[in-house]
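Chain by chain, the residues:
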Amino acid sequence: QQQVKQSPQSLIVQKGGISIINCAYENTAFDYFPWYQQFPGKGPALLIAIRPDVSEKKEGRFTISFNKSAKQFSLHIMDSQPGDSATYFCAASGRGSGNTGKLIFGQGTTLQVKP
Amino acid sequence: DSGVTQTPKHLITATGQRVTLRCSPRSGDLSVYWYQQSLDQGLQFLIQYYNGEERAKGNILERFSAQQFPDLHSELNLSSLELGDSALYFCASSPGNLQETQYFGPGTRLLVL
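Going down the list, the sequences are from chains A and B.
Sequence positions in the first sequence follow the working numbering and run -1 to 113.
Sequence positions in the second sequence follow the working numbering and run 6 to 118.
Check before you lean on any hint, since a few could be wrong.
Unchecked claim - Okay, the calculated beta carbon distance ranges per label pair:
#1 Gln110(A) <-> Ser70(B): 34 to 40 Å
#2 Ile18(A) <-> Asn82(B): 37 to 43 Å
#3 Leu118(B) <-> His74(A): 30 to 36 Å
Rather than coming from a laboratory, the hints here were simulated on the basis of the structure.
Note that the coordinates shown come from a computational prediction; the quantities given were computed from them, not determined experimentally.
Ideal Cβ placement from N, Cα and C applies to all residues, glycine included.
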C-alpha cells in the first residue's frame, strides 16, 4: 500500500523527442505527487508537483498528467535536450504516508537524451 | 545550491563502527528529513523531525538514530555499521510539516569496509 511503482527503469530518447515516465500508486490517501530530478553526484531537486484536484500541470517543457481513477501519473518532457539527461524519481506523500511530509519514492528512471 | 548543507561529503569506515552525519537545513525551514539512497533499495525515507520533535519514522534500523537540535540542525547517528549500510544519505528540509517542496542537500556517501 505504501509503494510507488515507476517505469521504465531506463530511457533513451533523441534530442527533440518526448520522454515519458510513468508511475502508479496504490494508496488512495496520497494527495501530493512530486517529480524529482537528480544529476550524478547531486541531491534530488524538485522538478514539478501535482495534487489530485487537477488532471494536468505544465511548467515549461515538463508536464505531469494525473489519472486519479487509474491511480497513475506520468511525466512528459517535451523537446528533450541532452541537459535533461538525469535520473527522475516520482514520489507520493500525504495522508497515505501518515499525513506528514514523508515522501515515498519510485525506483527511478535514468534518462539519456542523445544529441 | 539548495541551501541545505551536509557534512562530511564522504565517509569511509569499518564494520562495527559508529558515525555521525550532520545536516544544516535552509534558513527558516523547520522540517528535516533523512533519506537513504542505495542501488537496490532506491530512495528510502528514514525519519523526519519538525521543530525539534520526531514527526515521522520510516524504514530506519534500530542501530540508527537521529535528533534535531534547537538551532534546527540535525544529526543522523549510525552505529554497529554493516557492509549493507554503505549508501548515500541525504538530508532534506522544508518550511513546514506537510506536503511541500523538500530541498535536498548534496548527500554524504558512506562506505563501510
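Review point. Which numbered hints turn out to be false for this structure?
Key: 3
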